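K.L.:
Now for the letters of each chain:
Number of protein chains: 4
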Amino acid sequence: MPNILVTGFEPFEAARVNPSWEAARALDGREISGARIHARQLPCVLATANAALLDAMAQVEPELVLCLGLAAGRADVSVERVAINIVDARIPDNAGSQPIDEPIVPGGPAAYFSTLPIKAMVAALRAKGVPASVSQTAGTYVCNAVFYGLAHHIATQRPTVRGGFVHVPCLPEMAALLPGAPSMSLETLIYAVATMVETAMATEHDIKVEAGALH
Amino acid sequence: MPNILVTGFEPFEAARVNPSWEAARALDGREISGARIHARQLPCVLATANAALLDAMAQVEPELVLCLGLAAGRADVSVERVAINIVDARIPDNAGSQPIDEPIVPGGPAAYFSTLPIKAMVAALRAKGVPASVSQTAGTYVCNAVFYGLAHHIATQRPTVRGGFVHVPCLPEMAALLPGAPSMSLETLIYAVATMVETAMATEHDIKVEAGALH
Amino acid sequence: MPNILVTGFEPFEAARVNPSWEAARALDGREISGARIHARQLPCVLATANAALLDAMAQVEPELVLCLGLAAGRADVSVERVAINIVDARIPDNAGSQPIDEPIVPGGPAAYFSTLPIKAMVAALRAKGVPASVSQTAGTYVCNAVFYGLAHHIATQRPTVRGGFVHVPCLPEMAALLPGAPSMSLETLIYAVATMVETAMATEHDIKVEAGALH
Amino acid sequence: MPNILVTGFEPFEAARVNPSWEAARALDGREISGARIHARQLPCVLATANAALLDAMAQVEPELVLCLGLAAGRADVSVERVAINIVDARIPDNAGSQPIDEPIVPGGPAAYFSTLPIKAMVAALRAKGVPASVSQTAGTYVCNAVFYGLAHHIATQRPTVRGGFVHVPCLPEMAALLPGAPSMSLETLIYAVATMVETAMATEHDIKVEAGALH
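So the protein lines, in turn, are chains A, B, C and D. The numbers in the numbering used here rise by one with no breaks, and the one at position 78 of the first sequence is 337. The numbers in the numbering used here rise by one with no breaks, and the one at position 19 of the second sequence is 278. The numbers in the numbering used here rise by one with no breaks, and the one at position 97 of the third sequence is 356. The numbers in the numbering used here rise by one with no breaks, and the one at position 164 of the fourth sequence is 423.
One or more hints might be untrue.
Which copy is meant is left open, so a pair is good if it fits within one copy or across any two.
As the list claims (entries may be wrong) - Think about it this way: if two alpha-carbon atoms lie no more than 16 Å apart in a straight line, the pair counts; the simulated EDC-like pairs of lysine to aspartate or glutamate are:
{"hint": "1", "residue 1": "387", "residue 2": "457"}
{"hint": "2", "residue 1": "387", "residue 2": "432"}
{"hint": "3", "residue 1": "467", "residue 2": "361"}
{"hint": "4", "residue 1": "467", "residue 2": "360"}
Treat the hints as calculated values from the structure; they're not laboratory data. In this text the structure is predicted, and so the values were computed from the model without any measurement.
With the hints as extra help, turn the sequences into a complete structure.
P.N.:
Take a look at the structure:
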C-alpha cells in the first residue's frame, strides 16, 4: 500500500497546542484513497526541522507529502503556491535562533512551486463547505523553510514524489485568547486535510482556474 | 419552570441558511439552569421582525431573551452592548424595503444598553475556549432594530425581563463561498449559545472588566 | 460674525503629536462661510475634557462645534453618528485614570445622535477626493465622552447650537512607527476639516443617502 | 551622469489615474545622488509590459531601475522582496487578456530576489516619516510580471544593473471612491520614491534587520 506523509509542527510561542499537528495526528494510520497516512511532528526549530522532515521521508517512503503549519490570523485553509529560499525570522524559533536573510539551502534556486494540485484542492475544499484559498506567500519563517526543504529534496532526490504546504487557522481555543483572530474547529480541519489528501491522490494535473492576486 | 426565549433570523441575501437560527433551533426545548429554552425564527424584514418578536414573547413569557443574528465578516461571538434608535439599511431587507435614517420607535430614546451581563458572558465563553468579544455597535439594519425593539419593550412593558443581542460569524459552508470570511462551526456556536444562557441565568450583576474601544 | 469651535486633542499614548489638534489649530482664526474658526485643544483626560470643552464653548459662543479625535487604524475621515453614555477605557488616560462602565453623565440619556449633517459632510468630502465615511461607533473612550458631553450640553443648554464628532487617521509620520496603519497627510486633513465646516454651515437638513452597516 | 529608470503603470480597471505613474513622472528629469531620473510609463498589458520595459532600459541605459505599481488596499509603500515566474490573472488586463498559471519566462527560474537594498529603503522611509514595509509577495499579475521580467533581464543580460519593484497605495481621490481603502498623498509618494532612489544609490549592501513574516 502506498504511503502518505502528513506533518505538523510542535507548539510555538505561547501556545500549548498546534492545530497543524492535532490535525495530522488525528489522521495517523488512516487509509485514504488506498494509501496509508503517516503523521510526524516537526520541531519549530529552523536548524533541525528539515532534517526531521528528511528522516520522516526516509522512514515512510511516501509518494505524497503534505506539510501543515499554523497561520494565526488567517481565516481559511490556505494552500501555498510557492516556497522561497530565505529565512527572515520575525521572532526567535523554539531553539532561540532568529536568522535574518539567510538562505535555506545555500546555492539553491530562489524558489520552488508546489507540486500538489493546489487549485483542485481548494476547489474540493470549497465544494465540501470548507473555507479555503490559494496563498501566494508562505512567509519567511519555519513553515516556508520546511516547504522549501521539502521541495528541494523532491526536486533533487525524489522526482516522483509530490509535495506541498498548507497553512491552517487557529483552533477556537487559541483564538479565544487572541481577540479578533479567526479560527477553525479541529473537526473541520481534520476533514480538510483528509479532503486535500484525497484530492491530491486523485488529481495528476492541476485544474486551470483563477486564484491569483493583483498585488 | 422559567422560560428563556432564543431567537434567530431566517436566511437573507444569497445565503440558504442562517447560523443564528441553526443555533437557536438546536437548543429548542432544552433545559438550561432549570429553565426551558424556546427557539423562534424571526423574519429578516424590518416592518415585521419586531412584531414577531413581541408575539414570541407573549407566547413564551420568558424571563430572559437572547436574540441572535449573523455578522458575516466577524470572527467571533460578539455580544452587543447597545442598540440605537435608527434604521439605515445598506441593502433591501427580505421584503424589499430599504429605509434610510428612520427611527425604529418614533419618539423613543436614542439608545438602550443591553440588560444581559455582557462581560460575564464574554469571560465565560473565552474561559471555555470560544472566541468572543464585546461589540460597541450592532449596526443599523434588522439586527439592531430587533435589539432596540426588544430593549424598548422590556424598558416600557416588562421591566423584570432581561434581554440582549449577540452577533455570530458565518458557518464554514457560508465562508467557503465568501473567500476571506472567518467562520465558526455550528457545534461551537450551539455550545456558545448554551454557555451564554447559562451565564446570564447565573449572573445578576455584570462583572467590571475592561472591554472598550478607543474609537 | 458667527463663531465656529473646532477642537482637537493633545497627544496620547506614545505619540508626540495628535493630528486632530494639528488640523484644528491650522484653521484657527480662518473665516469659512462667513464665520470665524476658533481652535481649542482638549486634554486627553476623562475627568477634565468635558469641562474644557464647556469652557471653550462659553468663551467662543459658537453656533457650530466640530470636535476631532484620532482613530489610529482607521483609513478615512470618519464622521460619527452617535455618542453613548458610557466610559469603558481600554487604556489609562493621560491622567492615569481608567474607568470601566461608568456613565459620562449619570442619569443622562443612553445616547445622542450627531446634530451635524453627517451624510452631506461625507458626500462633500468624497466629491472633493477625500476618503470619508459615516461611523456607527465612536468607541467608549475620551472621544466618545467628549462627543456625548457636547451633545448633552447642546440638548440641555444650547438647543440652537449644532455639533458633532469626527475621527481622523494617523499622520504618515505616526503610521511610519506603526507598521500596517493607514494614514492621511496633514494637508488633506486640514482640507477635510474646512470642507466639513463649510458643508455643515450650508446644510440645514441632512441628505438621505444610505450609509449604514449590516452589523 | 549615470541614469536611473523609474517606471509607473497606466491606469487600469475603473481608475483614471495611477499613482505609480504620477509619482514617476513627477521625478522625470530630476537629478538625485548625482544621477538623472528618467520616467517611463508601462502598459497594464501582460503581453507587452515587459517589452516596453526592455525598450526603456535600452534607451535610458540605467544603472538602477525602480518599477512602481499600484496596490489598492495596501496602506504603505511596500518594497517587494521576490518576483515569481507565474501569471495568474484575477481580472483581465487592459488588453482583455487573463492568463492562468502561465510562466512569465518559459524555462526561467521559479523566482528572483530584488537586487535593491530593500531593508535600507524601508528604514530610510520610516526614518523620514513615510509608512513603509517589506512585502513577501508582489502578487501574480502585471506588477509581478514586470518585476520578474526586470530581474530576469538583469540576471541574464545586465549583471551590473540593480533593480526592483515597489507597490504604492491608492491616492486619496481614488480611496474616496473605494470606502475603506487606505491612501497616500501624491506629495508623500513622490518624496518616498526620491528617498528610495537616494537610498538605493547610497547603499551597496543591504542592512540586516528583521522584516519577515511568520506566514
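K.L.:
For each hint, tell me whether it holds in the structure or not.
P.N.:
Hint-by-hint comparison with the structure:
1. In the homo-oligomer, the alpha carbons of residue 387 and residue 457 lie at most 16 Å apart inside one protomer (13 Å), although the nearest pairing across protomers, at 33 Å, exceeds that limit.
2. Taking the shortest Cα distances, residue 387 and residue 432 sit within 16 Å of each other only across copies (8 Å), while inside one copy they are farther apart (24 Å).
3. In this assembly of identical chains, the alpha carbons of residue 467 and residue 361 lie at most 16 Å apart only when taken from different copies (10 Å versus 34 Å within one copy).
4. In the homo-oligomer, the alpha carbons of residue 467 and residue 360 lie at most 16 Å apart only across protomers (7 Å), although the nearest pairing inside one protomer, at 34 Å, exceeds that limit.
Comparing the model with each earlier hint shows no violations; every hint is respected.
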